[in-house]
Amino acid sequence: MIKPLILDISSGNILSLKNTILKFSKEISISSEDSEIINATHIFLPGVGSYSKVMKNIEKKINIKLLKQQLIENKTLFLGICVGMQVLSDYGLENRKSQGLSLINGSVKKLSTKEILPHVGWNSINISKKTKLLNQIPDKSDFYFTHSYAYDLEEDNLEISNTNYGTTFPSIINKSNIYGTQFHPEKSQSSGIKLIKNFLELEK
Amino acid sequence: MILNDKKKRLIPVILIKNGWVVQSVGFQIYKNIGHPIPTIKRLSDFGSDELIVLDISKNEFYETRRNDMNYSFKEEFIEILRQISEVSFMPVAVGGKISNIDDAVKRIENGAEKIIINTMAFENKNEIKNIIKTLGSQAVILSVDYKKDENNKFKVIKKGQEILDLDTLEHCKEISDLGIGEIFLNSVDRDGKKNGYEIELLKKISQEIKIPIIACGGAGSWEDMYEVFKKTKCDGIAASNIFHHVEHSVFLAKEYLHDKSNEFRSPKFEANI
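Line by line, the protein sequences give chains A and B.
Numbering follows the working numbering, with no gaps: position 14 of the first sequence is 14.
Numbering follows the working numbering, with no gaps: position 100 of the second sequence is 100.
For the record, the hints were derived by calculation from the structure and aren't laboratory data.
Incorrect hints may appear among the rest.
If you want the footprint, here are the derived chain B segments under chain A, 3+ residues with CB under 8 Å [unchecked claim]:
{"hint": "1", "segment": "4–14"}
{"hint": "2", "segment": "44–54"}
{"hint": "3", "segment": "111–123"}
{"hint": "4", "segment": "135–143"}
{"hint": "5", "segment": "209–216"}
{"hint": "6", "segment": "265–271"}
Chain B is faced by these chain A residues, among others (derived, beta-carbon under 8 Å) [claimed, not checked]:
{"hint": "7", "residue": "Glu115"}
{"hint": "8", "residue": "Ser124"}
{"hint": "9", "residue": "Glu186"}
Quick reminder that beta carbons are idealized off the backbone N, C-alpha and C, glycines included.
Extracted from the complex, chain A is given alone in its bound form (with noise of 0.2 Å):
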């Protein structure tokens, strides 16, 4: 039986994550405790506001050692949602420089184009890796985005998908069993709905 959680970093509003999660299990946890991030069997971290309030709430809330071992060595499966997958990177340059959980090789900078900033509203996703995560999720499906900075990936070949804002950047990215999107697949809809049913098949 799957084991998800949510890590509890004060992200703001997670209950629609915690509803769409409860349509495929029937238990949760909501926490930021050392034995729950032992037990999960899938990791979630949602993410609102800027990239070093974020990894700020990270540190004092989890213990960062335990997780990326749980994540490096169990091969315990993580999804990032928003700023959620942007602390995967290296740093971030949002408000000041903050060094990130470095899972995911890369950094996150303000999105280079002429369009207005946030980027709020829902976009396309271009699919460049074919991955179990987007079963049944077709080619330009449309998710939910609100952000102004993007990740830049060392390695090209992790992005999953990119999307275009009068810039391209990438929407999805995978390493192993960590994943991140750059949308709200909570607040997509049916897309966004597949995609969490299809995180929580997910084996490791």
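The hints should help you fit chain B onto chain A, whose structure is shown.
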């Protein structure tokens, strides 16, 4: 070639007065539409891009006075908000009665993606900064109600009634400099009148202010909505009454707009998979 696949947003606005969804005309006349939850579920199932929920109750009493529904009756707005997040999987922006950071955080923790401020922009700009610092720009929308005065100038309206000697564009500029994420512009003159959007002002503001602008007030047809898209740089097209009075309204609106331009999401039934 530089590409941009972002879609324009079609945003139903739900007014909640003492637990009921209501229809408003000129911010003064209110007509009861029904229980909020089935209304909102329907809008989500038919693929609204986003939702704005405004609490316009005049007191703290919220009551639907009906128990003959599948959805239980809730007294508090926060409870209604929690119910909303169980039936809708789209971004929800919430406004009304937010006068400090605690009010804002409480709404975010109970299912809102963004909060909408209005009166605070006249009374407590520092608190707006605090809210932005805590929740981030993307979570804060400034709502501005405006009216055309006898000299054809667009003046800001406070608390739905009081006409201020304050130019709408200037007000938007001043508050957007605080770092808010979006502006929701509502024409009091056109509220519930079905005579089309205030194109002239929307065009001006959406050109001069470089954050997403949401237009509201006056939608009488899907053509009116298309006009906003064609003639202004507004990113969101909001409406209230028209979505209540046309069956399968969101689906039909999207069908019309997507047919005209692929800058709108194609209509799709989004009910639970």
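Problem set entry | Earlier hints that do not hold, by number | none
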